[in-house]
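> Top to bottom, those sequences are chains W and Y.
Numbering (our numbering) for the first sequence: 1219 to 1331.
Numbering (our numbering) for the second sequence: 4 to 117.
Just to be clear, a hint being listed does not mean it is correct.
To be verified - The calculated lysine-lysine pairs, modelled on DSSO-like cross-linking and capped at a C-alpha distance of 30 Å, are:
| # | chain 1 | residue 1 | chain 2 | residue 2 |
| --- | --- | --- | --- | --- |
| 1 | W | LYS1263 | W | LYS1326 |
| 2 | W | LYS1318 | Y | LYS14 |
| 3 | Y | LYS20 | W | LYS1260 |
| 4 | W | LYS1318 | Y | LYS60 |
| 5 | W | LYS1260 | W | LYS1297 |
| 6 | W | LYS1318 | W | LYS1263 |
| 7 | Y | LYS18 | W | LYS1330 |
| 8 | Y | LYS60 | W | LYS1263 |
| 9 | Y | LYS60 | Y | LYS18 |
| 10 | Y | LYS20 | W | LYS1326 |
| 11 | W | LYS1260 | Y | LYS14 |
| 12 | W | LYS1297 | Y | LYS20 |
| 13 | W | LYS1263 | W | LYS1297 |
| 14 | Y | LYS14 | W | LYS1330 |
| 15 | W | LYS1326 | Y | LYS14 |
No lab work stands behind these hints, which were simulated from the structure alone.
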Amino acid sequence: RKEVEQDPGPFNVPEGATVAFNCTYSNSASQSFFWYRQDCRKEPKLLMSVYSSGNEDGRFTAQLNRASQYISLLIRDSKLSDSATYLCVVNMIDVWDFNKFYFGSGTKLNVKP
Amino acid sequence: GAGVSQSPSNKVTEKGKDVELRCDPISGHTALYWYRQSLGQGLEFLIYFQGNSAPDKSGLPSDRFSAERTGGSVSTLTIQRTQQEDSAVYLCASSLILGGQPQHFGDGTRLSIL
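So here's chain Y without its partners, still in its complex pose (with noise of 0.2 Å):
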């Protein structure tokens, strides 16, 4: 499809583990963005990426979570040993351009930390 495709659609792991993401954007789409939403919560603002280039680690909750985008295209949201409050769905957005509109978002990883 011409969608944005995240995977695994579904993750549950224990605790401690390294889990990592995957986000397929839109073909051409030059930016990326990775949002975490709680049950019950807004979306998180995670991270951004300008074609492979992300400027701004800020908004990662903390260094165990790390991101990185490749040829201007797929990234990956790598969890380094997972706590509980991890537990999220992880959504993954493009758009054509920086702050363009609209954001297409995939469909999430429901991640579940045991």
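Only chain W is shown next, with the shape it has when bound in the complex (with noise of 0.2 Å):
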């Protein structure tokens, strides 16, 4: 079993459009949690952490649920320059004290006009 799963998509949308993307992580230990996004054939970077009581940046809002081990998404008001893959990224510090981060294959996301 993978220790982040996502759906792959893709999530095909109008502009304008609320879309959500789920993403579930194995390990109960895990401590924090973020959300890449990757264009096409470019480096990853950073969209935004993961707080447990939950945060909104902008039309992006993130979620927590420690007890179902998930973290989604909420892309508000999507424009066509969010079309990208989006990683979930959980970061745990093992029972070695070895830091480990795991990302999600991605969840493709195709804003249309």
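From these two lone chains plus the hints, build me the complex, please.
Okay, structure coming up:
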């Protein structure tokens, strides 16, 4: 079983739509959570961190549900420029005190005019 | 520039050859990470450095892979006796402290094994 699982999509939505992605993680000891964005053939870039209380950055809202072990990303009023692959990232420190970073395989979003 | 620099950007080599990939992190970043991204796949975490130390090598795919970092700066990822399944984009990232965000990624090295 993968440490982090995402629906690969693609999600095809019209401009202005609201779209939500979920990501599940398998290890309850996971500590930090993030969403990264990756444009085609480009490097990943941090979109936002995910906090237990939920957090919002403009049109983007991230939520964490520790009980069910999933995080979500909501994008409101989609723009063409939001078209990208969204990567869920989980960071944990294991029993040997080693940092582990797990990236999901990404959810592809296509925003259409 | 001030970003993470990786070289070469592209590498094509024959199966069985050794390759060395280089990463020059952002100055002052103590943490450095290596990832691998295969076609249509997510990022596979390989190894991290805190300073010059890589305490956990369990993410390296096989003993043909090794990595080092010197002077708390440049890191090299070496793949010996390359195999076709090693073909991927190898991404390096750095952050100010271990686990700190964001991780700043380089453009990657696209490795193709013939």
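> All hints are to be evaluated individually against the structure, with a verdict given for each.
For each hint, the structure was consulted:
no. : hint                     : result
1   : W:LYS1263 with W:LYS1326 : holds, 15 Å
2   : W:LYS1318 with Y:LYS14   : holds, 28 Å
3   : Y:LYS20 with W:LYS1260   : holds, 27 Å
4   : W:LYS1318 with Y:LYS60   : holds, 11 Å
5   : W:LYS1260 with W:LYS1297 : holds, 19 Å
6   : W:LYS1318 with W:LYS1263 : holds, 18 Å
7   : Y:LYS18 with W:LYS1330   : violated, 42 Å
8   : Y:LYS60 with W:LYS1263   : holds, 25 Å
9   : Y:LYS60 with Y:LYS18     : holds, 24 Å
10  : Y:LYS20 with W:LYS1326   : violated, 35 Å
11  : W:LYS1260 with Y:LYS14   : holds, 17 Å
12  : W:LYS1297 with Y:LYS20   : violated, 46 Å
13  : W:LYS1263 with W:LYS1297 : holds, 18 Å
14  : Y:LYS14 with W:LYS1330   : violated, 35 Å
15  : W:LYS1326 with Y:LYS14   : holds, 27 Å
Checked against the numbered hints listed earlier, the structure breaks hints 7, 10, 12, 14; every other hint is satisfied.
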